[in-house]
Amino acid sequence: MYMFSQFFQDALFAAIAAIGFAAISNPPKRAYLYCAIIAAIGHSTRFLLMSTPAFHLHIVLATTIASFIIGILAVLFSPLAKTPAETCLFPSLLPMIPGMYAYRAFGGLAMCIYNGGENDFSHYFYLFANNGLTCLFILLGMTIGATIPIFIFKKISFQATR
Amino acid sequence: MDTTISDIVSAKTMLPVKTQPTCRQLCLFLSEYAAWLLGCGATCIRLEKNVNRIAEAFDKHVDMCIMPRHIHLTVSSHDRHISFTAISSIRCKAISFDINTRLSRLSWEIADEKIDFTQVQHRFEVITKTPPANKWLVLFLASAANASFCRLFGGDLLAMGIVFVATLAGFYLKQILTENKVDVRIVFIICAFVSSVLGATDGLFGLGTTPGVAIGTSVLYLVPGIPFLNSFSDMLDRHYVCAFSRFMDAMILTACLSIGLCGGMFMMNVDMF
Amino acid sequence: MNVPLITWVCIAVAMIMLVLIRIFLSAHEHMKESNKLTSHSHVAVARPRHKILEIGNEREEFFAPGDRLPGNPDYYGDDDN
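Chains as they are written, first to last, in this note's numbering: chain A, 1 to 162; chain B, 1001 to 1273; chain C, 2001 to 2081.
Derived from the structure by calculation, the hints contain no laboratory data. All C-beta atoms in this analysis are idealised placements derived from N, C-alpha and C, irrespective of residue type, glycine included. It is possible that some hints are incorrect.
[Claimed, not checked] Covered stretches of chain B, going by a simulated chain C footprint (3 or more residues, C-beta under 8 Å):
no. : region
1   : 1137-1146
2   : 1162-1174
3   : 1196-1202
The following block holds chain A by itself, in its conformation from the complex (with noise of 0.2 Å):
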């Protein structure tokens, strides 16, 4: 009972983070709603994967499988909304970008240089390198999971807007 409420509060919450981040980036109007739902099944696929017993996948292959998941939705709701697949697809990812792995490597580098000592320097360097290398394998999984749909689907994806 307690997994489901997670699960129904983490899909919810990419749905609303999804919509806010898709505004940025200037959408058709239409397509807010399909990057919600596509975003809110993505996100809580990841957070299934990642923290149920039965999986308890890494965070690099959750967000592959969940990505996968994500194209194949934008794919076959691009013809609905009308808008090529790139629209309700990127939006979509985007609650699922590793931020703060981003900039928490680049503070270890900052940190890095500011501190002097080799133990302090090793930590911190460890830091910006698994940090900085889970952000880019975490981007790489997402990119080939969301664009694989697109190449096998690619009648449906590149005359979505026809």
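Based on these hints, arrange chains B and C on the given structure of chain A.
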């Protein structure tokens, strides 16, 4: 039998020949179209497909070289006897999926409806004048989105409220500075600093249970997500130059964000690393 | 000296002042426009907007006596501007 020019039709497009654009006209139009499409945040593959579709609709052949800030286009006749080359700078506008969608639809209208070139130019002019979304609505939605992000990272209700206000302030400042044409990197540093200082409110006054989440998520609205996604998308399509350029843009903006955040954390005496 | 508190207060006050000034300026411009419409004034005075901070032209920043001026017929634009 006498024939007039209007009786001669193109076998491919079924349009009277006189309404066909010349290579020069089409090249200048396509370079403008491509500059706008790329400036609005489209991926290179979408640009290639749209431009090729338009050229084929007018019975022309097109070759493109997509560079980070310029597009080199050569339009040639089907038999390659006549060709015209143009280079145009990318229109550095804000990302707009609305304009992206309309320009993509225009390419299909050209391919399917076989519309006259003068109409195409007119429709293009109308699309480029599409107004952006209401800035107050965007401000409110972005703040709500960041507050939702705070919740997703485990923040409590008070942290969500503080992040909402911090994002409201930071994003409002970003809108003002962008209107005044301040360099985007300076904008990111200043807005990240302001948002992180205001996001540290609950830690400063000892409110709530998740002060670390509040300050950490207060700057997430500045993360350049679309440029990151576009860069990896271009990389998968083997447009490595554009991919690297977009990636560097995104990395520099993230670095500026981090500078502002670190400055804010330093002034607020918050240790996050 | 509580640096975090002072910083927070400065930023909060600056943001509040910014909002109030913007509201005041937009209300002032709105009143000016409605006055112009009612008074049917045909004189349009274009006030130059003075920027507080501005990045200057390279030629203005690094000018040394003897440099060619743009109006000079011998000037053939050998810089990037």
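Structure-based check of all given hints:
Only residues whose C-beta sits within less than 8 Å of a C-beta in chain C count toward coverage, and the region 1137-1146 of chain B has 0 of them, not enough to reach three; the restraint is violated. Taking a C-beta to C-beta cut-off of 8 Å, the region 1162-1174 of chain B contributes 3 residues in contact with chain C, enough for the three needed, and the coverage statement holds. Counting residues of the region 1196-1202 of chain B whose CB lies closer than 8 Å to any CB of chain C gives 4, so the stated coverage by that chain holds, three being the minimum.
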